[in-house]
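Colleague: Protein chains in written order, with numbering that gives the first Met the number 0: chain A, 0 to 260; chain B, 0 to 221.
Hints are computed from structural coordinates only; laboratory data are not their basis.
Since the structure is predicted, the reported quantities are computational estimates derived from the model, not experimental observations.
Heads up, a few of these hints could be off.
Pair by pair, the computed Cβ-Cβ distance ranges are [unchecked claim]:
(1) A/Lys165 - B/Met0: 32 to 42 Å
(2) A/Asp25 - B/Arg36: 48 to 58 Å
(3) A/Val5 - B/Glu115: 21 to 31 Å
(4) B/Ser66 - A/Glu143: 19 to 29 Å
(5) A/Pro256 - B/Ala43: 26 to 36 Å
(6) B/Met0 - A/Val5: 27 to 37 Å
Partial list, computed: chain B residues near chain A (C-beta under 8 Å) [claimed, not checked]:
(7) Gly13
(8) Glu42
(9) Ser66
(10) Thr81
(11) Val83
(12) Phe84
(13) Thr85
(14) Ser167
(15) Ile168
(16) Pro169
(17) Gly170
(18) Val183
(19) Ala185
Idealized CB from N, CA, C, for every residue including glycine.
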Amino acid sequence: MKSGAVLRFFVLSLAMLIPAAARAGDVPAIAAASDLQFALTDVAAAFKTATGREVRLAFGSSGNFFRQIGQGAPFQMFLSADEAFVQRLAEAGLTADEGTLYAVGRIAIVVPQGSPLAADGTLDDLAAALEDGRLKKFAIANPEHAPYGARAEEALRHAGLWDAIKDKLVYGENVSQAAQFALSGNAQGGIVAWSLALAPEVAARGAHAPVPETMHMPLRQRMVLLQGAGETARRFHSFMQEDEARAIMRRYGFVLPGETM
Amino acid sequence: MDWEAFWLTIRLGGLTVLLLIPAAILTGRWLAATRMRGRAIVEAGLALPLVLPPTVVGFYLMIAFGSGAWFGQMFERLFGQTLVFTFEGLLLASLIVNIPFAVQPIQRAFEAVGPELREAAASCGLSRWRTLWRIELPLAWPGILTGTVLTFAHTLGEFGVVLMVGGSIPGETRTIAIAIYDRVQAFDEAAAGQMAAVLLLVSLATIAASYMLTQRIGRRYG
Chain A
0 MKSGAVLRFF
10 VLSLAMLIPA
20 AARAGDVPAI
30 AAASDLQFAL
40 TDVAAAFKTA
50 TGREVRLAFG
60 SSGNFFRQIG
70 QGAPFQMFLS
80 ADEAFVQRLA
90 EAGLTADEGT
100 LYAVGRIAIV
110 VPQGSPLAAD
120 GTLDDLAAAL
130 EDGRLKKFAI
140 ANPEHAPYGA
150 RAEEALRHAG
160 LWDAIKDKLV
170 YGENVSQAAQ
180 FALSGNAQGG
190 IVAWSLALAP
200 EVAARGAHAP
210 VPETMHMPLR
220 QRMVLLQGAG
230 ETARRFHSFM
240 QEDEARAIMR
250 RYGFVLPGET
260 M
Chain B
0 MDWEAFWLTI
10 RLGGLTVLLL
20 IPAAILTGRW
30 LAATRMRGRA
40 IVEAGLALPL
50 VLPPTVVGFY
60 LMIAFGSGAW
70 FGQMFERLFG
80 QTLVFTFEGL
90 LLASLIVNIP
100 FAVQPIQRAF
110 EAVGPELREA
120 AASCGLSRWR
130 TLWRIELPLA
140 WPGILTGTVL
150 TFAHTLGEFG
160 VVLMVGGSIP
170 GETRTIAIAI
180 YDRVQAFDEA
190 AAGQMAAVLL
200 LVSLATIAAS
210 YMLTQRIGRR
220 YG
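Isolated chain A (complex conformation) (with noise of 0.2 Å):
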């Protein structure tokens, strides 16, 4: 080969591929909790029909987006599940504002398909099930920094199960995950968000309770604006406040500010 001919390919196809890793327009990267996973993402459809404009979500633990967005992940939105995060990021400077309630979130059981454990949202068949043997693996959301697991071992240790049940927990990195892995069928139930449990997908393979919010810290849900949001996304903020995504952050089982159960 001649080198001539060596360097024009290599040019040529550096040429080829950098344009294409150019941005697209505004399609802000909005950053959600991953209880919002069905959620958030039939509004962000509601929103395409409304305005016509995209949204790109990512999903994942809030401790994690947290993180990220203090290292300068270029998110232009956050949805934490826990308004602490919220908050710190925003005495750290790095949000538009202090940020908006805009849902507050319940904690379920849930349990697979033939599983020997009752989706008994007064865990009193759990501790049952811890005393014959019927429980093997209990799945929850890693408590360390998923907003969703923290409630999860808050109302274990409500029920005054939490040293009989720790040596069975499996922790999902976020509580998608948890719930994933509670409804694999690989352990006998879990406990995740109750708007996970509601979406049809999930619904559909096994049953479900929602757990007492006497047992557990509410789970006050906040949204911010971070520092360098677009048009798009600002647009995204306020519909989030309208009706139509009211009702469906509703259909999922969130309690929504101004309301109550």
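Since the structure of chain A is already known, use the hints to place chain B on it.
Modeller: What follows is chain B alone, placed relative to chain A:
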């Protein structure tokens, strides 16, 4: 099927190959011939990404790329954007983790050429660059091809490092391996299965093509 993630991955693999292989040819050629003391240390350093868990590499890169580290700060000052959770950061990470996959086969190929041939070329009056271009590169070609294919295929499959420094941003850092992981978490096993099958076929085709090419080259020069 997340085509955006698919093309992003192909782009990442292509750019990694284009930027890394020329550097790996020079490094591999140098390592094959040098009698420098401390060569073993250089080789060990270049081989490190092969033996370290991806989370260890990802952790150090995440720290180095962050706005708290001098490297991250320098990049931010030069290019006006951060490295973490961007395509550029992912590309840089990909270049670093692929060093051993690119350098080692190329170095072995140059070693196989042997010093006698180089000396013979020199005594015929060929310059070092002409020797490299006309004699050594054609002979080392199968090794270069292997390095290229390994680098590309490994980029397609890299997961741990991408998860640590990428953050799964659609169209920016969500590669196909991460998209599969995301789809499983979203209870969308149909899409995960489709993407896994596509990745399997592309990987198989890439490696099969390289074996076929190596055989043909082997016949021509053998």
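Colleague: Each hint: holds or not?
Modeller: Hints, one by one, checked against the model:
The given range of 32 to 42 Å is respected by A/Lys165 and B/Met0, whose C-beta atoms sit roughly 40 Å from each other. At about 56 Å, the CB distance of A/Asp25 to B/Arg36 agrees with the hint of 48 to 58 Å. The hinted window of 21 to 31 Å between A/Val5 and B/Glu115 holds, with their beta carbons roughly 26 Å apart. Against the hinted window of 19 to 29 Å, the Cβ-Cβ separation of B/Ser66 and A/Glu143 comes to about 24 Å, which satisfies the hint.
For the hinted restraint 26 to 36 Å between A/Pro256 and B/Ala43, the CB-CB distance of approximately 58 Å leaves it violated. At roughly 35 Å, the beta carbons of B/Met0 and A/Val5 sit within the given window of 27 to 37 Å. Because the closest C-beta pair between B/Gly13 and chain A is about 5 Å apart, less than 8 Å, the hint holds. Of the supplied interface hints, the one on B/Glu42 is violated, with its beta-carbon coming no nearer than about 27 Å to a beta-carbon of chain A, more than 8 Å.
Proximity of B/Ser66 to chain A holds as hinted, the smallest CB-CB distance being about 5 Å (cut-off 8 Å). With its C-beta approaching chain A no nearer than about 4 Å, B/Thr81 sits inside the 8 Å limit, and its interface hint holds. Taking 8 Å as the C-beta contact cut-off toward chain A, the hint placing B/Val83 at the interface holds, the least distance being around 5 Å. About 4 Å separates the beta-carbon of B/Phe84 from the nearest beta-carbon of chain A, less than 8 Å, and the hint is met.
Given hint, B/Thr85 at the interface with chain A, holds; its Cβ is 6 Å from that chain's nearest Cβ, closer than 8 Å. With 8 Å as the threshold, the beta carbon of B/Ser167 comes within range of chain A, its nearest partner Cβ sitting at about 5 Å, so the hint holds. For B/Ile168, the interface hint holds, the least distance from its beta-carbon to any beta-carbon of chain A being 5 Å, beneath 8 Å. Here the hint on B/Pro169 is kept, as its CB sits about 4 Å from the closest CB of chain A, short of 8 Å.
At about 6 Å, the closest approach between the beta carbon of B/Gly170 and any beta carbon in chain A falls short of 8 Å, and the interface hint on this residue holds. Taken as an interface hint, B/Val183 checks out: its beta carbon lies about 6 Å from the nearest beta carbon of chain A, inside 8 Å. Interface hint at B/Ala185: satisfied, since its Cβ lies 6 Å from the closest Cβ of chain A, which is below the 8 Å cut-off.
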